[in-house]
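K.L.:
Chains A and B are the protein sequences, given in the same order. So for the first sequence, UniProt numbering puts the first residue at 1; every next one is plus one. So for the second sequence, UniProt numbering puts the first residue at 1; every next one is plus one.
FYI, nobody ran anything at the bench for these hints, they're computed from the structure. Keep in mind that this is a model prediction, so the values were computed, not measured. We put the CB at the ideal spot given by N, CA and C, even for glycine. Please note that a few of the clues may not be correct.
Said to hold, decoys possible - Which stretches of chain B does chain A cover? Using the computed rule of at least three CB atoms under 8 Å from a CB of chain A, they are: (1) 60-74; (2) 100-107; (3) 134-147; (4) 163-176.
Protein chains: 2
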Amino acid sequence: MSSAINFIRRIPEGEDRERLTCADCGFVAYENPKIVTGSVVVADGKVMLCRRAIEPRRGFWTIPAGYMEMGETIEEAARREAREEACADIAIEGMLAVYSIARIGQVQVLFRARLASPGFAAGAESLEVRLFDWDEIPWDELAFPSVHWVLHAWRDAGAGPLGAPRGNPPDDPRGVRRLGQGA
Amino acid sequence: MSSAINFIRRIPEGEDRERLTCADCGFVAYENPKIVTGSVVVADGKVMLCRRAIEPRRGFWTIPAGYMEMGETIEEAARREAREEACADIAIEGMLAVYSIARIGQVQVLFRARLASPGFAAGAESLEVRLFDWDEIPWDELAFPSVHWVLHAWRDAGAGPLGAPRGNPPDDPRGVRRLGQGA
Chain A
1 MSSAINFIRR IPEGEDRERL TCADCGFVAY ENPKIVTGSV VVADGKVMLC RRAIEPRRGF
61 WTIPAGYMEM GETIEEAARR EAREEACADI AIEGMLAVYS IARIGQVQVL FRARLASPGF
121 AAGAESLEVR LFDWDEIPWD ELAFPSVHWV LHAWRDAGAG PLGAPRGNPP DDPRGVRRLG
181 QGA
Chain B
1 MSSAINFIRR IPEGEDRERL TCADCGFVAY ENPKIVTGSV VVADGKVMLC RRAIEPRRGF
61 WTIPAGYMEM GETIEEAARR EAREEACADI AIEGMLAVYS IARIGQVQVL FRARLASPGF
121 AAGAESLEVR LFDWDEIPWD ELAFPSVHWV LHAWRDAGAG PLGAPRGNPP DDPRGVRRLG
181 QGA
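Produce the complete structure using the sequences and hints provided.
P.N.:
The structure is reproduced here in structure tokens:
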């Protein structure tokens, strides 16, 4: 169905930076950072993690999170991701963290939430979904550095009202490290 | 330079929602929400506003803010916007608000900042830049509802450390109102 598309980088008229442009027709494919949103979902003092059924990082554990879609608010997107990945109905309590992953053009807006109704299960993009005590969290099998970061942000925040959201850790302010590079 | 592009909405293979797709070649133009970031810049207790030189809302006042670009952190983007629109070198103090404008697919992440070095001036996208006392703010000439919202968020937060960021106002939780519709 897909024939070759001939994209080149050039500066469109009236702009000051290169954009991905179709050399044939001039269509400009604007690339903007994308918003990932998700939640540390807490039940009985445990946190919910999903084992990924999809690449990247298939088989590794993450919080229910994903790309925000058009027409949603950010809280609606976070609730949809919990529904899709963990069949979970969540109530958002507040914002835990906002991380920039400049290397891949992502901003992650991550919330603290609780189960709004009982029950959860693996959705289509998850192999399994489980609740973990802090000491049971599979630290060596987490999917992304930001999962480490936000779990610690949740732990540090305690159970009360949330204050200012965390940002990137001081040793990775631009979100450029990969796992195994000190994350 | 630009010939007709024949985009239609259809569900790509393996997905569950319609995407803007080229009927000729199958290219999928993913549309994701975009991140706007900016700052309430404070100097001597006054706030900086820029009178827009560009559409939409040319001639109306806004805070220095704009679309985040690839390769930036969100704080870097907010500082760049202050530099571009107000020739201002700012230091970010914390996050004031995160707003969803679902109607147009935007998330706005707005900071409190101060001038890091003296001086400012109208950049290419501004007709003028001024500092306003609270009572001087041209409320009827603000460009967007979220400028109203964030100025009140700044005022309510006081001058000390910032707590949890504000979200949308209760009477517009999805950011669907336009100015003149109760904003």
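K.L.:
Decide, hint by hint, whether the structure agrees.
P.N.:
Here's how the hints hold up against the structure:
{"no.": "1", "hint": "60-74", "verdict": "holds (count 8)"}
{"no.": "2", "hint": "100-107", "verdict": "holds (count 4)"}
{"no.": "3", "hint": "134-147", "verdict": "violated (count 0)"}
{"no.": "4", "hint": "163-176", "verdict": "holds (count 8)"}
Going down the numbered hints, you'll see the structure goes against just number 3.
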